[in-house]
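Protein chains in written order, with my numbering: chain A, 1 to 461; chain B, 1 to 116.
The set of hints was computed from the structure by calculation and includes no laboratory data.
Just so you know, not all the hints are guaranteed correct.
[Stated by the list, open to error] Pair ranges (Cβ atoms, derived):
no., chain 1, residue 1, chain 2, residue 2, range
1, B, Phe16, A, Asp363, 48 to 54 Å
2, B, Leu8, A, Leu4, 33 to 39 Å
3, B, Tyr19, A, His320, 36 to 42 Å
4, B, Leu62, A, His320, 44 to 50 Å
Idealized CB from N, CA, C, for every residue including glycine.
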Amino acid sequence: MSALIETSYFATAVLFILGLKRMSHPTTARSGVIWAGIGMGLATLVTFLHPEIRGQYGLMLLAILIGGGVAWWSAKRVAMTDMPQMIAIYNGMGGGAAGGIAAVELMRVAGDPSLIESHGHLALWLGVLGALIGSVAFSGSVVAWAKLDGRMKKAVRFANQQQITLAVLVAAVLLGIWVAAATPGIFVLLIFFLLALAFGVMVALPIGGADMPVVISLFNALTGLAVAMEGFVLDNAAMIIAGTVVGAAGSLLTLLMAKAMNRSLINILFKQFGPVSEEATEIEGSIKDVGTMDAAVQMAYADRVIIVPGYGLAVAQAQHKLWEMVELLQERGIEVSFAIHPVAGRMPGHMNVLLAEAGVPYDMIFDLEEINNDFETADVALVIGANDVVNPVAKTDPDSPLYGMPVLNVDEAKNVLVVKRGQGTGFSGVENHLFYRDNARMVYGDGQKVITEMIASIKTL
Amino acid sequence: MIEGLSALYILMLAGFVGYEVISRVPVILHTPLMSGSNFVHGIVVVGAMVALGQAETFGEQLIGFIAVVLGAGNAVGGYVVTERMLEMFKSSDKRQGKESNDKAKALKEAAKGGKV
Chain A
1 MSALIETSYF ATAVLFILGL KRMSHPTTAR SGVIWAGIGM GLATLVTFLH
51 PEIRGQYGLM LLAILIGGGV AWWSAKRVAM TDMPQMIAIY NGMGGGAAGG
101 IAAVELMRVA GDPSLIESHG HLALWLGVLG ALIGSVAFSG SVVAWAKLDG
151 RMKKAVRFAN QQQITLAVLV AAVLLGIWVA AATPGIFVLL IFFLLALAFG
201 VMVALPIGGA DMPVVISLFN ALTGLAVAME GFVLDNAAMI IAGTVVGAAG
251 SLLTLLMAKA MNRSLINILF KQFGPVSEEA TEIEGSIKDV GTMDAAVQMA
301 YADRVIIVPG YGLAVAQAQH KLWEMVELLQ ERGIEVSFAI HPVAGRMPGH
351 MNVLLAEAGV PYDMIFDLEE INNDFETADV ALVIGANDVV NPVAKTDPDS
401 PLYGMPVLNV DEAKNVLVVK RGQGTGFSGV ENHLFYRDNA RMVYGDGQKV
451 ITEMIASIKT L
Chain B
1 MIEGLSALYI LMLAGFVGYE VISRVPVILH TPLMSGSNFV HGIVVVGAMV
51 ALGQAETFGE QLIGFIAVVL GAGNAVGGYV VTERMLEMFK SSDKRQGKES
101 NDKAKALKEA AKGGKV
């Protein structure tokens, strides 16, 4: 490989790592992605000079224009609330590309077994492993995308699902071993890929709404690993480094997300929330509702307001209105902050993105650990579209499925206002004891409508 | 050519780098970072180009072509989405702060003008 290409790949790896590092702080984050982008452009350009490429330059350029063009167009248009599914689909594309590389290389080996000697047996095994992982990430991500985009029923379950899933995996692995050990030809190769793709679909099928981000993050890590594996096959250091960094980072991110939901990864993948047991404890108190005018008065005469937004806020597209109201409150000299639960929204940090889109500066937004002790000093805690993440049973009732999940201590505020579309439980199906507390008042209605009314009321005060 | 063992060293060190980089990231950046790492594995497009360049039969070329399309989609889509998200992160100094500072400045200047 020429020195130019080697040096460029080296520079790309450095740019990727520095870019990811810079992405770890809000002020440098944007320059981080630009650095990584420069690395990507450099690597792509010099690859046209790669000595192992023997032709098809036209096809290559065409493919880049098609893939890049469609992705550019779709990524520019997507709304911020739809970000998770876009990440899923682009990730699936990466997995598919890794699987495709493996397919081409394995087909070449099947046609000319002498290639194994030049590649080495290790590369063959890693190539097959990468093929398996990449295909799973591809088909799984496509299912995840279809679900988040509302094109598919949320969770599909059928009899003996786990056994069938396991059987598909075992069959895929066995065929993979056969492919790597004996290079049995195109037909077996085809079946191997089909089984790997089927396994990805089977993994993603039973996963429901709130668990989806964890699974997307897992597929993201898997794609990284598959890319690293194919990097071995092609002897490409940039792919090995970038793929491994993403594999490790993605795995850690996946575990952090699972931990924030107080569930293990195994639990998310293979067990669903069982039917919720009958309420063991009588709920004390009753649910009391209040009109938007009274709610607005409470906030307008408070000294400190903490807002707890949830996915319901994003669904109602109310974040812009909410920020308008916060600005009004700030003009009245009220201290307002936002408290974000780690799994608020559809991904960790998703809520921050949505608030940022509405213009909320990030230094008004606080993590659970940062703000949880401040609720006792707050006059009003305003909960909008969040439910399970403020349920006090997670702290008090060991029998609850939510028990042990860190929750925001909203109940410690002097007054709690809960904006909600109607009575009903959150994703977990667990009754929320917060709503029955003496200091809690419900404001029923669509988030955007309620906040618009509150704004009008505050203006009259 | 990367020899077997040095490839393992690369793998190990890159793994630690990935772990370290992520473990210090505030929660608010988790989604952009997931998107950013999603972009980074778009480097797969480079490998797909090499695979297409080596393809000989029609079948190999077809799959190689699809791989490049998908890889390019991963890289470009990942970049645009990440960039769009990060563009929105601004501190209050930059956004309102600046405005109110400007207002304050204007007031000061007006006051000065009044005195002079």
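To see whether the hints hold, each was checked on the structure:
Here the CB-CB span from B/Phe16 to A/Asp363 is close to 31 Å, at odds with the stated 48 to 54 Å. Checked against the hint of 33 to 39 Å, the pair B/Leu8 and A/Leu4 fails, with Cβ atoms roughly 26 Å apart. Checked against the hint of 36 to 42 Å, the C-beta distance between B/Tyr19 and A/His320 comes to roughly 37 Å, which is consistent with it. Between B/Leu62 and A/His320 the beta carbons are some 47 Å apart, a value that agrees with the proposed interval 44 to 50 Å.
Comparing the model with each earlier hint shows violations of hints 1 and 2; every other hint is respected.
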